[in-house]
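*Asks:* Sequence:
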Amino acid sequence: MTAVETKESAFPITRGRTKGYSPAEVDAFISRARVAFEEGEEPVGASDIRQAAFPLVRRGYSIAAVDAALGRIEDAFAAREREAAVARGGVSEWVGQTRETAQVVLDRLSRPRRSRFARVSALRYGYRVEEVDLVADKLSTYLQTGESVTVEQVRGVAFRMQRGGYREVQVDAVLDAVVEVMLAVE
Numbered sequence: 004m005t006a007v008e009t010k011e012s013a014f015p016i017t018r019g020r021t022k023g024y025s026p027a028e029v030d031a032f033i034s035r036a037r038v039a040f041e042e043g044e045e046p047v048g049a050s051d052i053r054q055a056a057f058p059l060v061r062r063g064y065s066i067a068a069v070d071a072a073l074g075r076i077e078d079a080f081a082a083r084e085r086e087a088a089v090a091r092g093g094v095s096e097w098v099g100q101t102r103e104t105a106q107v108v109l110d111r112l113s114r115p116r117r118s119r120f121a122r123v124s125a126l127r128y129g130y131r132v133e134e135v136d137l138v139a140d141k142l143s144t145y146l147q148t149g150e151s152v153t154v155e156q157v158r159g160v161a162f163r164m165q166r167g168g169y170r171e172v173q174v175d176a177v178l179d180a181v182v183e184v185m186l187a188v189e
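Start counting the sequence shown at 4; every next residue gets the next number (the numbering used here).
Among the hints, erroneous ones may be present.
Said to hold, decoys possible - Derived DEER-like restraints, expressed as beta-carbon distance ranges:
(1) E171 <-> T21: 16 to 26 Å
(2) T104 <-> R83: 16 to 26 Å
(3) R166 <-> V98: 14 to 24 Å
(4) A31 <-> E133: 23 to 33 Å
(5) E42 <-> E133: 25 to 35 Å
Said to hold, decoys possible - Computed cross-link-like contacts, SDA-like style, restricted to lysine to any residue with a CA-CA straight-line distance of at most 20 Å:
(6) K141 <-> A180
(7) K22 <-> D51
(8) K141 <-> R116
Since the hints were made in silico from the structure, they are not lab data.
For each residue, glycine too, the CB sits at the ideal point set by N, CA and C.
Could you put the whole structure together from the sequences, leaning on the hints where they help?
*Replies:* See below:
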């Protein structure tokens with residue numbers, strides 16, 4: 004038995020051929036985040052939590068369970084960051100920064116369909132353009148009118164791949180910025 008199997012796991016363990024996140028990597032990251040949150044010694048923030056990535060292994064932690072926990076941890080970090088920023092610069096400065104970020108994102112999402120992000124070459128795979136544009140329309144409406152979209156919905160967005168699709172890095176960066184704006188105004 005491995006060390007993970009002998010101790011009680013923090014998350015459900017995958018079975019069979021299903022892969023999950025590396026337990027050692029997840030445990031180390033969550034431990035580091037806990038220390039950063041409780042003691043403030045390590046420079047970890049909400050964006051670090053949102054961008055965390057772990058290797059996939061057999062008998063790993065359930066991806067859905069870890070992602071849900073990371074979402075809650077990110078929420079806690081974002082709330083603390085919001086409180087600290089308001090204490091430092093006041094509510095108007097915080098709102099101004101958030102409004103600025105939201106406007107940059109809205110400008111990107113308001114570009115013409117099929118031209119919102121850079122494309123990968125025709126021989127490479129990127130995010131499916133039609134799916135990204137559909138999500139971009141929904142997020143643009145949210146930013147303009149406040150139409151109902153939850154942070155969990157944005158975090159959970161997944162796109163199929165296509166040759167010549169949108170560059171993943173750009174799309175992911177905009178989705179991260181949308182989450183940042185949403186957490187700032189909660």
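*Asks:* State for each hint whether it applies.
*Replies:* For each hint, the structure was consulted:
1. A hinted range of 16 to 26 Å holds for the C-beta pair E171 and T21, which are about 23 Å apart.
2. For T104 paired with R83, a C-beta distance near 18 Å keeps the hint of 16 to 26 Å intact.
3. The supplied range of 14 to 24 Å is broken by R166 and V98, whose beta-carbon atoms lie about 42 Å from each other.
4. Distance hint check: the CB atoms of A31 and E133 are about 39 Å apart, inconsistent with the given range 23 to 33 Å.
5. Look at E42 against E133: about 46 Å separates their beta carbons, and that is not inside 25 to 35 Å.
6. Between K141 and A180 the alpha-carbon distance is near 15 Å, which keeps this suggested pair within the 20 Å criterion.
7. Restraint check for K22 and D51: not satisfied, since their Cα atoms lie roughly 23 Å apart, outside the 20 Å limit.
8. A C-alpha spacing of about 13 Å is found between K141 and R116, which places the hinted pair at or below 20 Å, so the restraint holds.
When each numbered hint is compared with the structure, violations occur for hints 3, 4, 5, 7.
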